[in-house]
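**Student:** Starting from the known structure of chain U, fit chains E, Y and L onto it as the hints suggest.
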Amino acid sequence: MRATLRTAWLMARKDLRVEWRSRVALNQILPFAAITMVLFAFAVDRLPAAPGDVDTVLVQLAPGLASLGTVFSLLLLVQRTFAVESEDGALDALRAAGVDATAVFWGKTLAMWIQLAILSALLLGTAVVIYGIEVRWSGVALLVTTWLTATFGLAAVGTLYGGLAAGARGRETLLPLLMLPVVAPVLIGATRAVEAALGTGGTAIADGWPWVGVVAVFAVAFGAGGTLAFGPLIDE
Amino acid sequence: MASLPATSTTTTPTGPPTTTGTSTKATRLLGAAAIVGIVWLAAFGLGFSPADVNQRESVRILYVHVPSAWLAYLAFFVTAVASGIYLFSKKHSLGWDRLAGASAEVGVLFMGITLVVGALWGRLTWGVFWEWDARLTSTAFMFVTYIGYLTVRRLGGSHEQRARRSAVLALLAVLEIPLVHWSVKLWRSLHQDATVLRPDGDVKMNGLMLFTLFVGVIAFTLMYMWLVIHRQRTMAAEDALDDAGLDLAIADRKAEHQ
Amino acid sequence: MEDAGFIIGSYVVTFGAVGAYALWVLRRARRVTSRLPDDAKPWT
Amino acid sequence: MDRPVVELTGAVAVLGSFPALAGASLVVQRGEIVLLRGPNGAGKTTLLRVCAGLLPLARGTGVVLGCDLATERDAVRRRVGLLGHRNGLYLDLSVAENVRFWGATVGATDDEIDAAMDRLGLSGRLAPLPVRRLSAGQQRRTALACLVARRAELWLLDEPHAGLDATGRDELDATLRQAAASGATVMVASHELERAGSLATRCVDVVAGQVVGPR
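First to last, the sequence lines map onto chains U, E, Y and L.
For the first sequence, this note's numbering assigns the number 1 to the initial residue and increments by one for each residue that follows.
For the second sequence, this note's numbering assigns the number 237 to the initial residue and increments by one for each residue that follows.
For the third sequence, this note's numbering assigns the number 495 to the initial residue and increments by one for each residue that follows.
For the fourth sequence, this note's numbering assigns the number 539 to the initial residue and increments by one for each residue that follows.
Chain U on its own, in the form it takes in the complex (with noise of 0.2 Å):
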């Protein structure tokens, strides 16, 4: 057990270098995900019905909005971390050393899990900022655990899906048709969560938590699913 942590901290630690390097995610991956928050506010903002009504559309859209252009980065990161893994043959070497496929996943899903955090938490600032929104103090302990909670669910299922659809042909539009029916729940619970959070549309913050709940639900089924799942999917 103890040597699939290592194994797992050691794969961590070599994908947050590898993008430490590169810098694809923030270079890259940010920018598109800022734009996609853009043209979402072109795409659905109207003017506010009257003058000074704080709450146009976007501000109530703002936690949807958030919530897709997380899934969307997911997407591009699970790609471009894979792509990383099989340029060279590396994930393919990892298994033919023998490296034992669970630390490989929960090595990449925290890693995964970190970035996608970070990049999420720029989309919800950036929301936050252009849509306008005022982010109450009360609400905040439910933000930031919808935040991680949600970030780690869909960081595992990303990689559980991106581990299947690696080797496989026409993998850039295999892994969207497997996993994005799948992120539905978090899309859902996440969304609701921080509605109740910034009281988008008057939600109270208590009704937040049960959305935390079935966040937090599917974040433990897709870290069991992977731990079991992720090995026999990308065997030879």
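Hints listed in this document are in silico derivations from the structure and should not be mistaken for laboratory results.
These numbers were taken from a predicted model, which means no experiment stands behind them.
A couple of the hints might just be wrong.
Straight line, CA to CA, 30 Å or less: simulated DSSO-like cross-link-like pairs of lysine-lysine [to be verified]:
hint, chain 1, residue 1, chain 2, residue 2
1, E, K326, Y, K535
2, Y, K535, E, K421
3, E, K327, Y, K535
4, E, K490, Y, K535
For the chain E half of the interface with chain Y, some residues (derived, Cβ under 7 Å), not all of them [said to hold, decoys possible]:
hint, residue
5, T256
6, A355
7, L356
One side of the interface only, derived from the structure: several residues of chain E facing chain Y at Cβ under 7 Å [claimed, not checked]:
hint, residue
8, T258
9, T260
10, R264
11, E293
12, R296
13, V314
14, L345
15, V353
16, L360
17, H466
18, R469
19, E474
Here a beta-carbon is modelled for each residue, glycine too, at the ideal position from N, C-alpha and C.
**Tutor:** Just chains E, Y and L, lined up with the frame of chain U:
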């Protein structure tokens, strides 16, 4: 299925194939029974059973819609169980993998029918083709999930690789579906717009109507079994062709070397 | 019968789709098994 | 002589439905450098992948480093180093980072990692360079250093000389001789008959998925 292929059943040792197709006396019997079930269902569903007190005639669609949904869920359940058996049994026999694949394919067929017919029924009772109802949304989700499953089955690689990958995906689906259904149900309960347009979907059925529904379930079960048996045998034949090809290829390679 | 179009239509869609799939499976079965020696067919 | 490192009898391995190996048998002792000769598509690469525990045997039996290929493939993989035309490196990371990563997968100490880098002549100015900017020969040496750092006992090299210039090939031969001398066993699949011939302790022909010549 009107005319089942008449095939002689005399079997010779590995001579040229005398029987073609995957039919046997048993499947012909099953096929005939399925046809009787269909005719019986159509007769009762469209003709003999009464109209519903508030849904009037559109309840007749339910005699087809509800069984096809139930059989789709059964099909995916069989896929999950067969996948589990394939993974966790010591022998890893490919028969279970083929059963899982055949059942998933028939399940996707039935689920597709359920969604289309459900839209027709929704048009009549709710006035809309699509309704963000928890059950409907989960059904659509399952449909997409298993299309992904069938795509993964066609990814190539050896039979064992295909079997293992599909089995793991089928078990993951068992993990996903309750999660999605639960979150969709919670989501829908938030926006339960109880408009007058939306009477409760489940009609209280009794007497002749319940009997017709029962006939529907029987007919669809017979169809399901017939389809899965034939599809599984076809997949077995395809795998056997691969393996036979393997023996031929080994022989060729040995000959090529001499 | 009221709304006959939709109701009969749903029966036609259902049994039409099942019939089409059944024919596809049978045709494929005949094509595949025609090249297979008998002993490789456990059901014969 | 202790147990042979590799024992294959009647091995059949399948790629899709094609028997890349159609009944191959081979025995390799510790410390040998065995050259696998044969035309393209004869099954040399498949033979290496089977010995590496990557490809399951459809028929026949195989024992590598005392582990049965049917049941203990994971144990085989940990002790075998397979190097194909791709080096399995992280091109964005530096040479040192790659070797340290691979060494850490087996818990190698820093000294072992430095020793591996020294043996492959990578300790100097090359160490901090990202692998992406290295020549094919230097990348190949980095991959070999990773094998050493990972304490691989059986080296399975598929066309290792491909893409190397003259000096690169000499360095590679020296490394392989040194590895064999220090107790490792090497199997090389190669077209470079005259060069590899002088390197190998034994040559074996692979034709149409079978092993021909001295078992």
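**Student:** Given the hinted pair E:K490 and Y:K535, is their alpha-carbon gap at most 30 Å?
**Tutor:** Within the cut-off at roughly 26 Å; holds.
**Student:** Would the hint on E:V353 be counted as holding, given a Cβ-Cβ threshold of 7 Å to chain Y?
**Tutor:** Because about 4 Å separates E:V353 from the closest Cβ in chain Y, which is inside the 7 Å limit, the hint holds.
**Student:** Could you check if E:T258 really has its C-beta closer than 7 Å to a C-beta on chain Y?
**Tutor:** holds (4 Å)
**Student:** Hint check: E:K327 vs Y:K535, CA-CA at most 30 Å. Holds or violated?
**Tutor:** Cα-Cα ~20 Å, so holds.
**Student:** Could you check if E:E293 really has its C-beta closer than 7 Å to a C-beta on chain Y?
**Tutor:** Constraint on E:E293 satisfied, holds at 5 Å.
**Student:** Does the nearest C-beta of chain Y fall within a distance shorter than 7 Å of the C-beta of E:A355?
**Tutor:** violated (9 Å)
**Student:** Tell me if E:H466 is really an interface residue toward chain Y, meaning its C-beta lies closer than 7 Å to one of theirs.
**Tutor:** Hint on E:H466: holds, closest Cβ of chain Y at ~5 Å, below 7 Å.
**Student:** Does E:L356 pass the interface hint, meaning its C-beta sits closer than 7 Å to a C-beta of chain Y?
**Tutor:** holds (5 Å)
**Student:** Mind checking the CB of E:E474 against every CB in chain Y and telling me if the closest is under 7 Å?
**Tutor:** Where the cut-off is 7 Å and the nearest Cβ of chain Y is about 5 Å from E:E474, the hint holds.
**Student:** Is the interface hint for E:L360 satisfied, with its Cβ closer than 7 Å to some Cβ of chain Y?
**Tutor:** holds (5 Å)
**Student:** Within a Cα-Cα threshold of 30 Å, do Y:K535 and E:K421 meet the stated pairing?
**Tutor:** Status violated; Cα separation ~47 Å.
**Student:** Should the interface hint for E:T256 be scored as holding, given a Cβ-Cβ cut-off of 7 Å against chain Y?
**Tutor:** holds (5 Å)
In summary, the structure is inconsistent with hints 2, 6, 10 and 13 from the numbered list given earlier, while agreeing with the others.
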